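Asks: Start from chain C and add chain E according to the hints.
Chains C and E, in that order, give the protein sequences. The opening position of the first sequence corresponds to residue 1 in the working numbering, with each subsequent residue numbered one higher. The opening position of the second sequence corresponds to residue 1 in the working numbering, with each subsequent residue numbered one higher.
Any given hint could turn out to be false.
What the hints assert, rightly or not - List time: in silico SDA-like cross-link candidates among lysine to any residue, alpha-carbon distance up to 25 angstroms: (1) E:K43 with C:T43; (2) E:K43 with E:L11; (3) C:K107 with E:E46.
What the hints assert, rightly or not - Sample of chain C residues at the chain E side, in silico, Cβ under 7 angstroms: (4) F63; (5) G98; (6) F102.
Hints listed in this document are in silico derivations from the structure and should not be mistaken for laboratory results. This structure is a prediction, so every number in the text was calculated from the model and none was measured. Built from N, CA and C at the ideal position, the CB exists for glycine as well.
As a plain string of letters, each chain reads:
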Amino acid sequence: QSVLTQPPSASGTPGQRVTISCSGSNSNIGTSTVNWYQQLPGTAPKLLIYSNNQRPSGVPDRFSGSKSGTSASLAISGLQSDDEADYYCAAWDDSLNGYWVFGGGTKLTVL
Amino acid sequence: EVQLLESGGGLVQPGESLRLSCAASEFTFSNYAINWVRQAPGKGLEWVSGISGGGGNTYYADSVKGRFTISRDNSNNTVYLQMDSLRADDTAVYYCAKETSSTSGWYGARFDNWGQGTLVTVSS
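Excised from the complex, chain C in its bound form (with noise of 0.2 angstroms):
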C-alpha cells in the first residue's frame, strides 16, 4: 500500500489530453513540492515534472503538473504512442525522520 494514490491505470487514444492524479496528506503532499518520474519499459525512471509544475530541460511542453492542498496532478496533451509508460508521483514526508514517499504507479496504454 503506497503512501501517495494513484490510478492503476490510464488510457488514451493519440491527441487526446489524459491526466493522472496523485493523492497524498498534509505531511507529504501537503507540505512539499510533487515530482512526477516516467518509467518507460525496461528503463531507469527519469524525472519528468519538479516543484509541482516545472518541466526539466528537454521535456515536451504537452507535459504538465499541478498541485492543490494534498493532491497533484500529471497531464499529458497531444498524446502520442511514446508516452507509453508508468508514471510515479513522489513527495517529501516530512513526519518522523522525513522520508521519500511514492505513489504506487499508473500505467498509461495509448490506445
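Replies: Quick look at chain E alone, frame taken from chain C:
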C-alpha cells in the same frame, strides 16, 4: 554528463548479506544526497534509503530499518548499501538516484539522475 553506476547485485539466500555500490561521476559528489530506490518484479517504485552529501544524515524506509545500512565514501565518489538479513521480499532492482540538494527533502528537491539498476534476488 552525470553518471551513476550500480553494482553488487546477485542471487543470495534468505538471511544472507549483500553490499551494493553506486559509483558516481561528472558532478561534485559531496554536494548531493544520494538515495536508493527499489522496484520488485512487476511492482512500483519504493524508496529505500538516503544519505546526505556529507554523510552525516541517513534515512531509511521502515521496511529496511535495522537491516540495511547506507554509507558513502566521498573520496571515491561511491555510495554503499549494506543489506543484511535479506528476505524474499527484498527481491528487486535497486536504483541509486542523485538528489538535487545536499540534505534530503529540501523544498523543491527531486531525483534528477538515476542509475540503470542492479538486480537483487533473494531465494533459497
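Asks: Tell me if C:F63 is really an interface residue toward chain E, meaning its C-beta lies closer than 7 angstroms to one of theirs.
Replies: violated, 15 angstroms
Asks: Next pair to validate is C:K107 with E:E46; report whether the Cα-Cα distance is within 25 angstroms.
Replies: holds, 16 angstroms
Asks: So, as I understand it, the hint says C:F102 touches chain E; can you test that by seeing if any CB pair is closer than 7 angstroms?
Replies: C:F102 check passes; min Cβ-Cβ to chain E is 5 angstroms, inside 7 angstroms.
Asks: Given C:G98 was flagged as interface, is its beta-carbon under 7 angstroms from a beta-carbon of chain E?
Replies: holds, 5 angstroms
Asks: Given the hint that E:K43 pairs with E:L11, does the C-alpha gap stay at or below 25 angstroms?
Replies: Distance of about 19 angstroms is within 25 angstroms: holds.
Asks: When you check the alpha-carbon spacing of E:K43 and C:T43, does it fall within 25 angstroms?
Replies: holds, 14 angstroms
Comparing the model with each earlier hint shows a violation of hint 4 alone; every other hint is respected.
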